[in-house]
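*Asks:* Sequence:
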Amino acid sequence: MTLRELQDLHTLNIKILSSPGASTSTYVSRVSSEQAQIENRLVELEGVERINSALRNARIKGEGDMVIDSPPEPPQSRTIEAKRKALFRFTPAYGEAMPGTLTLQEAINLEQQAHVREKERIERIAEKKRLEGEVLTRQEREARIWAFM
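Numbering (our numbering), first residue to last: 8 to 156.
If you are wondering where the hints come from, they were derived from the structure by calculation, not from laboratory data.
There is no bait here: all hints are sound.
In silico lysine to aspartate or glutamate, EDC-like type, Cα no more than 20 Å apart, as pairs:
#1 Lys22 with Glu46
#2 Lys136 with Glu125
#3 Lys136 with Glu147
#4 Lys135 with Glu125
#5 Lys92 with Glu80
#6 Lys22 with Glu12
#7 Lys90 with Glu80
#8 Lys22 with Glu41
Restraint-style ranges between C-beta atoms, simulated for each label pair:
#9 Thr110 with Thr86: 29 to 39 Å
#10 Ser25 with Glu70: 52 to 62 Å
#11 Ile115 with Arg145: 37 to 47 Å
#12 Thr110 with Ala133: 29 to 39 Å
#13 Ser32 with Leu10: 26 to 36 Å
#14 Glu130 with Thr110: 27 to 37 Å
#15 Ala89 with Ile115: 33 to 43 Å
#16 Lys136 with Lys90: 39 to 49 Å
#17 Glu80 with Ser39: 53 to 63 Å
#18 Arg148 with Lys90: 52 to 62 Å
#19 Glu80 with Arg11: 36 to 46 Å
All residues carry an ideal CB built from backbone N, CA and C; glycine is no exception.
Hey, can you work out the whole structure from these sequences and the hints?
*Replies:* Here is the structure:
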């Protein structure tokens with residue numbers, strides 16, 4: 008049995024022994040002997056667990072200790088490494104400014120141009136709708152529907 012199962016069985020036996028229904032002498036003696044065995048096994052398992060955890064955390068030090076490097080970083084893909092190398096070689100040509108960055112004024116100009124293009128696109132769509140068919144008011148549309156019926 009696992010440690011958890013033994014602990015659960017121990018708790019169950021304590022409840023059984025403390026209940027008033029456990030009056031049969033053979034039943035009580037059987038549960039009591041089982042309880043003693045469980046307690047012995049729990050003491051053994053918990054002791055072994057403490058020893059195992061102490062061994063896991065033990066550090067052996069001596070005169071000839073070697074300094075061990077930390078484990079190497081996991082390998083990266085070759086494409087990412089190649090791009091990183093190319094970027095480091097390319098950066099000194101621009102001085103301090105990193106490639107792909109914009110000044111504030113350039114960013115504002117780009118946003119304004121995008122806004123103007125979006126307005127023009129919306130106006131073209133509205134114009135196409137007007138050219139395809141005449142725009143009727145709600146009253147005119149309802150009058151045509153009633154006339155058709």
